[in-house]
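Chemist: Here the structure of chain A is known, so what remains is to put chain B in place on it, guided by the hints.
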Amino acid sequence: ETGVTQTPRHLVMGMTNKKSLKCEQHLGHNAMYWYKQSAKKPLELMFVYSLEERVENNSVPSRFSPECPNSSHLFLHLHTLQPEDSALYLCASSLTSGSLFFGPGTRLTVL
Amino acid sequence: GIQVEQSPPDLILQEGANSTLRCNFSDSVNNLQWFHQNPWGQLINLFYIPSGTKQNGRLSATTVATERYSLLYISSSQTTDSGVYFCAVVGGGGSNYKLTFGKGTLLTVNP
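Going down the list, the sequences are from chains A and B. Going by our numbering, the first sequence opens with residue 1, and the numbers climb by one from there. Going by our numbering, the second sequence opens with residue 112, and the numbers climb by one from there.
There may be inaccurate statements among the hints.
Unchecked claim - So, partial list: chain B residues that the calculated Cβ filter (under 7 Å) puts toward chain A: (1) Gly127; (2) Tyr184; (3) Ser206.
What the hints assert, rightly or not - Below, a list of computed lysine-lysine pairs in the DSSO-like style, where the Cα atoms sit at most 30 Å apart: (4) Lys209(B) x Lys22(A); (5) Lys36(A) x Lys209(B); (6) Lys165(B) x Lys41(A); (7) Lys209(B) x Lys19(A); (8) Lys18(A) x Lys165(B); (9) Lys209(B) x Lys18(A); (10) Lys22(A) x Lys165(B).
The set of hints was computed from the structure by calculation and includes no laboratory data. Note that CB positions come from ideal geometry on N, CA and C, so glycine has one too.
Extracted from the complex, chain A is given alone in its bound form (with noise of 0.2 Å):
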């Protein structure tokens, strides 16, 4: 499988529940990303993981938590999250600060 791949595509959950989403890039980039997207905001960075740095939005709220075991893998994981949360959320990499490829997304309904 190519590119960068988001497991699941759907994703609904209640405010108690735990859950995390999956990234997993075949390019051989070195960097991976987070991104939100809500309707009628512009995307916003939530993580980033490189070589170099680790970069986190300071606005992001403690219930979102990254995970980035390799340079393949990133998650978030999810935990008592509010309706306000439900969102399509992006993951991406690069190579160093290059272009940005995306994965298809996960779409989060939080009830």
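Modeler: This is chain B only, laid out in the frame that chain A set:
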């Protein structure tokens, strides 16, 4: 942080028409990328173009970094060009991985 303004916000074309999308940014940049998001949510990287001109088929882009704008040209538009076009930049001085996205231009190409 750096501001990114895209215009127009919406654009409706007949198939075969040409169009120009604009991206203005508020500070010097060392990274600028254009993306297309199709109606199913998939984001595709079109160009990595912090300066100069590039062409790829019916699409071309020009960035004039000294005047803080970039243009995306679409020629002989097709219905498959419909979707949202995003410009994203990294401002000088910040993390090279922190792309800031504009709000996008929604393009509709009618048959």
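Chemist: Would you pick out the hints that fail for this structure and give their numbers low to high?
Modeler: Violated: hints 1, 2, 8, 10.
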